[in-house]
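Heads up, the sequence shown is in my numbering, so the first residue is 61 and it goes up one at a time.
No lab work stands behind these hints: they were computed from the structure. Heads up, a few of these hints could be off.
Claimed, not checked - Computed Cβ-Cβ distance ranges for the label pairs, DEER-style:
no., residue 1, residue 2, range
1, Glu-195, Met-158, 31 to 41 Å
2, Glu-166, Gly-198, 17 to 27 Å
3, Leu-113, Thr-156, 10 to 20 Å
No residue lacks a Cβ here, since even glycine has one placed at the ideal position from N, Cα and C.
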Amino acid sequence: MLTPTHPHRLQPLIAALTTATLMTACTLPAAPPAPLTVLGAWRIAQARSEPILDRSRARLDFGGDGRLSGHTSCNVLNGSYTQDGAAMKIGPLATTRMACPELQREQEDRILTALELVATARVRPDGLLELRDAEGRGVLRASRFEEAPESR
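Model the full assembly from the supplied sequences, consistent with the hints where possible.
Below is the structure:
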């Protein structure tokens, strides 16, 4: 039994309670992550696991108004997108119908198919945009344009 005549016996109990309190404080949930920002212009680097042939023209531009525009290296694309956290839906999309060499047509098909499959979007810590399908497979990867949009 603890009595006031033996205060030194309380020290281990006080130390244990202090440690437990501090450990509980350290395990509080972390602050929510910063909002996902896909707004702006992105240079497409990969679509459907294939690298892009002409990265200078293949791009996406996510507008703050839910509009998506871009280029497939062959044709211009326009459409809409919605985003709620990491969840994303793209489409419907419309494209111009210019004639292109076969490799560019195949690339365009990969880009458009990838965009139809998008279920989530994430900007990685290294700044790359990853668009994934409903099963979590990467369907498109892009990096931010470094020059001003007016120079495109």
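For this session: Hint by hint, work out which the structure violates, then give me just those numbers in ascending order.
Result: none
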